[in-house]
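Number of protein chains: 2
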Amino acid sequence: MAAFARRKAERLARPDPSRKRALDAHAAELARLLNARETFCTASSCDGRVLVLDTDGAGIQKKNCRWLLVTHGTCVKDDVMTALEKATGDAVFKFEPFVFHVLCRELQDAQLLHSVAVDSGFRNSGITVGRGGKITMINPVVFQAVRSTHCLEVPLSHKGRLMVSEEYIDFLVHIANQKMEENIRRIDRFHKGLELALEAAIPADTLAPEGPEKSHSVYVHRRKRRSTREQADPSREMEPQDDPESSLDLFAEP
Amino acid sequence: MAAFARRKAERLARPDPSRKRALDAHAAELARLLNARETFCTASSCDGRVLVLDTDGAGIQKKNCRWLLVTHGTCVKDDVMTALEKATGDAVFKFEPFVFHVLCRELQDAQLLHSVAVDSGFRNSGITVGRGGKITMINPVVFQAVRSTHCLEVPLSHKGRLMVSEEYIDFLVHIANQKMEENIRRIDRFHKGLELALEAAIPADTLAPEGPEKSHSVYVHRRKRRSTREQADPSREMEPQDDPESSLDLFAEP
Numbered sequence: 001m002a003a004f005a006r007r008k009a010e011r012l013a014r015p016d017p018s019r020k021r022a023l024d025a026h027a028a029e030l031a032r033l034l035n036a037r038e039t040f041c042t043a044s045s046c047d048g049r050v051l052v053l054d055t056d057g058a059g060i061q062k063k064n065c066r067w068l069l070v071t072h073g074t075c076v077k078d079d080v081m082t083a084l085e086k087a088t089g090d091a092v093f094k095f096e097p098f099v100f101h102v103l104c105r106e107l108q109d110a111q112l113l114h115s116v117a118v119d120s121g122f123r124n125s126g127i128t129v130g131r132g133g134k135i136t137m138i139n140p141v142v143f144q145a146v147r148s149t150h151c152l153e154v155p156l157s158h159k160g161r162l163m164v165s166e167e168y169i170d171f172l173v174h175i176a177n178q179k180m181e182e183n184i185r186r187i188d189r190f191h192k193g194l195e196l197a198l199e200a201a202i203p204a205d206t207l208a209p210e211g212p213e214k215s216h217s218v219y220v221h222r223r224k225r226r227s228t229r230e231q232a233d234p235s236r237e238m239e240p241q242d243d244p245e246s247s248l249d250l251f252a253e254p
Numbered sequence: 001m002a003a004f005a006r007r008k009a010e011r012l013a014r015p016d017p018s019r020k021r022a023l024d025a026h027a028a029e030l031a032r033l034l035n036a037r038e039t040f041c042t043a044s045s046c047d048g049r050v051l052v053l054d055t056d057g058a059g060i061q062k063k064n065c066r067w068l069l070v071t072h073g074t075c076v077k078d079d080v081m082t083a084l085e086k087a088t089g090d091a092v093f094k095f096e097p098f099v100f101h102v103l104c105r106e107l108q109d110a111q112l113l114h115s116v117a118v119d120s121g122f123r124n125s126g127i128t129v130g131r132g133g134k135i136t137m138i139n140p141v142v143f144q145a146v147r148s149t150h151c152l153e154v155p156l157s158h159k160g161r162l163m164v165s166e167e168y169i170d171f172l173v174h175i176a177n178q179k180m181e182e183n184i185r186r187i188d189r190f191h192k193g194l195e196l197a198l199e200a201a202i203p204a205d206t207l208a209p210e211g212p213e214k215s216h217s218v219y220v221h222r223r224k225r226r227s228t229r230e231q232a233d234p235s236r237e238m239e240p241q242d243d244p245e246s247s248l249d250l251f252a253e254p
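Respectively, the protein sequence lines represent chains A and B.
Position 199 (the first sequence) corresponds to 199 in full-length UniProt numbering; numbering is contiguous.
Position 97 (the second sequence) corresponds to 97 in full-length UniProt numbering; numbering is contiguous.
Keep in mind the hints are simulated off the structure, nothing from the lab.
Treat the hints with caution; some may be incorrect.
[Unchecked claim] Okay, the calculated bits of chain A under chain B, using three or more residues with CB under 8 Å as the criterion:
no., segment
1, 117-127
2, 150-164
3, 189-196
Since this is a predicted model, take the numbers as computed values, not measurements.
Here a beta-carbon is modelled for each residue, glycine too, at the ideal position from N, C-alpha and C.
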């Protein structure tokens with residue numbers, strides 16, 4: 001327990017790439033909600049983004065990957081066209097939905113997040129248990145990554161030559177924006193579900209967890225979706241190397 | 001322990017949708033390798049596939065999704081063109097890489113799979129712990145899903161109208177085939193890594209796991225990739241409802 005608290009304090013104190021820039025609006029709120037509890041420590045995250053990447057090199061290995069465009073909100077056809085004019089290799093348009101990583105003190109804490117994430121539509125969410133963590137060990141550090149299958153990956157240029165029409169780009173941008181809206185609805189669902197689940201769970205900071213505290217809010221594992229529209233309002237730049245997935249390297253610990 | 005063994009016997013005995021058809025070649029070999037061990041029970045899997053889907057309905061909810069084409073090997077432009085002629089809604093071309101689900105008796109078994117999966121390039125792999133599984137419970141049933149980010153999702157038609165040229169389809173098919181080749185290389189890497197890791201681990205069927213048996217094969221968590229080319233040779237049809245991800249419902253247990 002003390003080890004986790006120490007580690008959390010260190011992480012939150014240090015300047016780290018995903019904190020140089022203001023967190024995306026939704027991720028920031030979720031971070032506040034979770035970091036207020038002892039059992040969670042948020043790590044890298046992204047509300048969702050549209051990217052235009054230019055890749056040189058043969059095959060499908062990501063060699064010399066350059067970012068021509070990144071936006072965390074609505075994307076606009078003209079911006080995409082402008083970005084593509086700068087492409088010299090194989091340009092790809094990508095929509096990446098919400099990604100959220102959380103270090104959890106106990107496996108059951110990760111399970112709580114996982115349950116809410118899946119209910120919210122983030123079906124690819126999963127738990128990673130650090131190599132130091134064995135089931136017999138008290139408080140293994142676990143890691144919950146919230147992910148979705150709800151993406152786009154569209155090759156657009158080949159050796160600098162645009163392979164689609166402007167009309168297609170307009171069509172694609174429209175679809176990406178729809179996906180972003182649905183993505184935001186899911187994040188909102190996740191946030192609400194998390195609030196309920198945390199209130200209903202045994203509070204992490206009580207000394208004697210004899211049983212769940214009485215609460216009027218009960219999180220019920222539900223399949224039905226609520227739909228609340230909300231628009232993301234981010235303005236953050238991410239460098240290519242700030243790949244949220246690289247946070248799995250956190251487990252390369254002594 | 002006995003509960004897991006019983007559950008495994010039941011699963012492997014019953015006819016289940018993903019077994020109606022011959023398992024993809026690679027998945028079948030991996031299943032043989034893992035099911036020979038007490039601690040693992042393979043579930044749904046797919047070597048990887050190219051799909052052309054037709055979806056009707058507004059927005060991005062998957063309403064009335066029809067499969068126009070599915071292939072688990074090399075895809076051919078003419079087949080894609082033929083499939084698209086049948087589209088009446090919004091057709092999408094998808095490449096989905098290797099997906100592999102394994103029920104594990106212990107968390108450490110899932111961790112072993114996870115480690116090998118990530119080393120093999122399947123970076124989106126994760127562990128799910130069933131709701132019945134608490135950290136204090138002996139032998140929680142955990143679930144390792146092997147996944148990758150290495151996909152394509154490309155809208156091609158809008159209300160039945162093709163939005164790209166035949167040349168673009170050719171370009172896309174070429175990219176999909178390259179991704180499938182890389183996918184197969186990763187599966188092979190995963191298989192080899194798994195063989196080493198299983199040999200090095202404490203054998204699951206010994207009664208007294210005092211320590212790792214001496215072995216000449218030692219699995220070292222490695223970052224370098226080996227590249228072995230191998231062609232998938234599958235012939236399996238999957239219905240839309242046979243979504244490997246729906247196997248997460250396995251955890252809706254009493």
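Now for the hints, and whether the structure bears them out:
Coverage of the segment 117-127 of chain A by chain B holds [criterion: at least 3 residues with CB-CB distance below 8 Å; count 6]. Beta-carbon proximity to chain B at under 8 Å applies to 9 residues in the segment 150-164 of chain A; the threshold of 3 is reached and the given coverage holds. Check on the segment 189-196 of chain A: 0 of its residues sit with their Cβ under 8 Å from a Cβ of chain B, so the three-residue criterion for coverage is violated.
In summary, the one numbered hint that this structure violates is 3.
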